[in-house]
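Taking the hints into account, I'd like the entire structure generated from these sequences.
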Amino acid sequence: MKIMKVRQIENGTVIDHISAGKALYIAQLLHLVESSLFVIGSNLSSSKLGKKDLIKIENYILSEAEKHSIALISPTASFIQIQNYEVVSKEKSDIPDVIEYLIVCPNHNCITNTENMSSRFNIDTKTMTVRCAYCEKKYTVDDIKFKRLV
Amino acid sequence: MNNLISMRDLSKAEILHIVDVAEQIESGKIKVNISDKVAALLFFEPSTRTLFSFDTAVKRLGGKTLIMTGTGNTSVKKGETFADTLQTISQYVDIIIQRSPIEGAARYASEVVNIPVINAGDGANQHPTQALLDLYSIKKTQGTLENLKIGVVGDLKFGRTVHSLCQAMSEFNPEFYFASPSHLRMPGYILDDLDEKQIKWHEEREMDSFINDVDIMYVTRIQKERFADIEDYNKVKGSYVMRREILSGVKSNLKVLHPLPRVDEIHTDVDDTEYAYYFPQAKNGVYTRQAIISILLGEV
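So the protein sequences, as listed, match chains A and B.
Here the first sequence is numbered in the working numbering, starting from 3 and rising by one per residue.
Here the second sequence is numbered in the working numbering, starting from 38 and rising by one per residue.
Hints are computed from structural coordinates only; laboratory data are not their basis.
Here are a few chain B residues that face chain A, going by a calculated C-beta distance under 10 Å:
#, residue
1, Ser43
2, Arg45
3, Thr118
4, Ala120
5, Ser137
6, Pro138
7, Gly141
8, Ala142
9, Asp159
10, Gly160
11, Gly225
12, Tyr226
The structure presented is a predicted model; accordingly, all values stated were derived computationally and were not measured.
Even for Gly, the Cβ is constructed at its ideal location relative to N, Cα and C.
Here it is, written out as structure tokens:
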């Protein structure tokens with residue numbers, strides 16, 4: 003008999019295959035603590051990843067922008083849509099070549115931090131680094147902060 | 038090419054085209070007349086040489102200039118956004134040449150206006166016309182841009198000219214030798230770029246170890262204010278000063294370049310050697326900027 007380590011949700015989203023240790027950061031990014039019913043599974047065993055994290059969020063549908071941010075934090079993440087306890091869609095994370103608006107440039111002297119404008123970053127998925135299209139500084143994903151999404 | 042914002046945007050063919058046009062403008066083979074055109078020189082941070090060089094370049098092509106320096110006498114001070122300032126000015130002129138202390142300001146300007154924008158320096162980021170005039174100077178003195186050995190000395194961390202130079206020369210299979218105080222070394226992201234392009238580079242403590250091997254010595258100023266302790270500055274400053282005697286065993290084709298202004302990093306006793314090229318290099322800046330302006334205005 004399979005033991006449910008994390009309880010089922012009726013309607014909402016499951017973010018699965020999150021790199022172990024990244025779920026809390028993602029929950030923070032989505033501001034789940036403030037407004038959502040959610041559960042986090044940490045360091046669950048995974049045949050693909052060895053260990054993984056997982057987040058189940060009741061009555062919540064991720065926007066494309068949120069999916070892109072999560073994909074940058076954990077490229078292995080997948081998104082599962084649940085309705086009436088049934089899986090209605092599964093989607094692997096997809097990192098676009100360019101991400102607009104979502105990332106705050108860590109360079110305080112970057113024009114994106116002094117003008118009322120959108121940031122734009124080019125993503126290198128091989129090295130998991132991002133380069134600001136304006137100040138041209140390159141950062142690892144761990145160095146960057148995301149804008150408040152909700 | 039609609040704007041000149043960053044060396045990253047330029048292909049090898051575009052770089053060679055600019056150098057070629059500069060050559061032809063200097064030799065008089067190409068004559069451009071932009072007497073019906075006005076250029077706005079928006080210098081939000083102080084600069085004398087770059088401003089004069091661009092102003093001269095526009096005027097030598099027959100064009101006119103509007104010059105704004107600082108932000109003191111502009112609507113920016115009254116709370117107008119940067120975007121609005123640019124959009125308004127772009128209604129009056131045919132091309133914007135902009136220097137700003139804010140990194141990325143030139144890229145943003147090019148997205149806001151629908152006339153060509155030239156980046157005349159954006160903070161510590163890019164100074165592409167300096168890089169291109171350096172390339173023009175290298176081509177003129179060496180006859181080629183390919184397979185050269187280039188020594189780069191001084192403040193390699195904050196010096197945007199050396200960053201742009203590395204990017205620009207990367208298209209031509211150079212070998213770089215870097216010498217700087219330990220806390221002013223070439224930033225990792227520039228070295229990563231060189232590694233990605235499989236460009237050979239070496240970090241040395243002092244220029245003596247490679248000066249006899251290189252074709253170009255590119256010297257930059259080490260600014261006192263980059264040191265927390267003046268004693269540290271006094272300890273290292275002598276190691277990065279080029280004097281005449283160090284040139285005794287160099288290659289005959291060596292040329293010493295410097296983006297200027299010089300303080301004391303190249304002793305004046307180097308000036309009358311055959312290797313000094315920093316003043317002609319400044320003159321090359323006018324031809325190079327003439328070429329860039331002509332290309333962006335569709336005159337070439």
